[in-house]
Structure formats: structure tokens, C-alpha cells
Amino acid sequence: EAEVAQSPRYKITEKSQAVAFWCDPISGHATLYWYRQILGQGPELLVQFQDESVVDDSQLPKDRFSAERLKGVDSTLKIQPAELGDSAMYLCASTPGLGTAHTQYFGPGTRLTVL
Amino acid sequence: TQLLEQSPQFLSIQEGENLTVYCNSSSVFSSLQWYRQEPGEGPVLLVTVVTGGEVKKLKRLTFQFGDARKDSSLHITAAQTGDTGLYLCAGGRGGGNKLTFGTGTQLKVEL
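Protein sequences, first through last, are from chains A and B. Taking my numbering, the leading residue of the first sequence gets 1, the next gets one more, and so forth. Taking my numbering, the leading residue of the second sequence gets 1, the next gets one more, and so forth.
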């Protein structure tokens, strides 16, 4: 069964350092999402891509966060510099395309701890 | 900002008990999804409801979408330890497939 891949699974860094997360969506899925999830709470959307284009990045803290999906396949989310409040689970999800009620398939996430 | 409020936030019950989780909003959604998430993993879709008043059953789980499409409930009959996890509702609007997730309900089922 096709899955969304994410790496690394865990990342520990010190504040002010740069970190990067990678996501490989299910093959053929045009829409890719990055979410941030605080432990025990619901995920919050950071950025949505349709192919290589950003559809929604209104909740992305652009002073320190950046995301790209250059070839419309895999994607990278970067934080520079990391702050203590960035400690969270970062989830990637994909869907076949735009349209209501599409199932979002989630990867296992990257657990970030900022010390 | 979380537009979908879930209650209760935490629930600890014994195996065999029944429970209901609620998902409420002041906004109308075109679809409502329920996900379950286990520790260290991503959420997994349980069900999607799209019609006001719709009821869907998945074995021991019953999902209902409110008539006005602003709220939903998840009822579990005879809970099992394997039902333990974080339950998330998520509302969808428009054609962009953007989901707004609820605040989450952490369920623990003990023997």
C-alpha cells in the first residue's frame, strides 16, 4: 500500500539552528500539505501545494519558515532559526488533487524538539 | 485559530463501556471527516460525511453529521483497548480541500 514518507522521524536541535524536514507524497498525488501539531491537539495547516505552486501559506511564519516543492513531487520544510516554541510534530499529507472530501493521507510525522 | 471544538478533551473508560465524542462549530462545512491518531503516527481517516443529518456506521463506531452541517458526533459501542488514541474531527470547505481540524479528544480504554 502506498504511503507518505517523511524523514527524519525525530529531530533534536538547539535554538537558533536551522532544521529541514522532507516529505515524499503518494505517487501521483498533486496536492501536498504541511501541518504542525502540538501534542494532544489537532494539526494546523502551515502550507498547501498544488503541484509545485503554493495554494495557501497564510499560516506559515514566513520570517523563519520556508517550504518548497520544486518539481511538484517531494517537498522540504525548513525552519531557520529554530525557536523553543517550534517544538512540535510536523506532519505531511497528500491527496490526489483539489476538490471537496478528498481523503488526506498522512505520513508518520517528524517530532521536533528545540532545546 | 481552532474553529472546531471537541468535547470531551480527555476520556478514560473501561473496556465494554460506550462513549460519545462531540465536534462543534459555528461555521458550516461542506464535509466532515473523523480521524484517529496513535502516538508517534499520523492521523488515519475513519469516515467522511457530506450530507446534513447523515449517519454512517463502521463496525462499533457510529458517526453523525448535524442537520445544519455545523456539528458532528462519534459514538463508540463497547469500547476496546484498541480504540485508544487521539480522535480528530476535520471540516472541509469549498473546492480547495483545505481541512480545519478540531481540538482533539484523547481516549484511553483500559481493561
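The hints are simulated quantities; they were obtained by calculation from the structure and are not laboratory data. Hints may contain errors.
Claimed, not checked - Ranges between beta-carbon positions, derived for each pair: (1) Lys78(A) with Ala78(B): 45 to 55 Å; (2) Ile13(B) with Ser27(A): 32 to 42 Å; (3) Asp74(A) with Gln14(B): 36 to 46 Å; (4) Ser7(B) with Thr113(A): 23 to 33 Å; (5) Leu39(A) with Leu45(B): 38 to 48 Å.
Keep in mind it's a predicted model, so treat the numbers as computed, not measured. The beta carbon of each residue, even a glycine, is placed where N, CA and C say it ideally should be.
Outcome of the hint check:
About 46 Å separates the C-beta atoms of lysine 78(A) and alanine 78(B), a value consistent with the hinted range of 45 to 55 Å. Evaluation of the 32 to 42 Å hint for isoleucine 13(B) and serine 27(A) yields a pass: the beta carbon distance comes to about 40 Å. One distance hint, 36 to 46 Å for the beta-carbon pair aspartate 74(A) and glutamine 14(B), holds here, with the actual separation near 45 Å. A beta carbon spacing of about 30 Å between serine 7(B) and threonine 113(A) agrees with the range 23 to 33 Å that was offered as a hint.
The hint said 38 to 48 Å for the Cβ distance between leucine 39(A) and leucine 45(B), and at roughly 21 Å that hint is violated.
Against the hints set out earlier in the document, a violation occurs for number 5 only.
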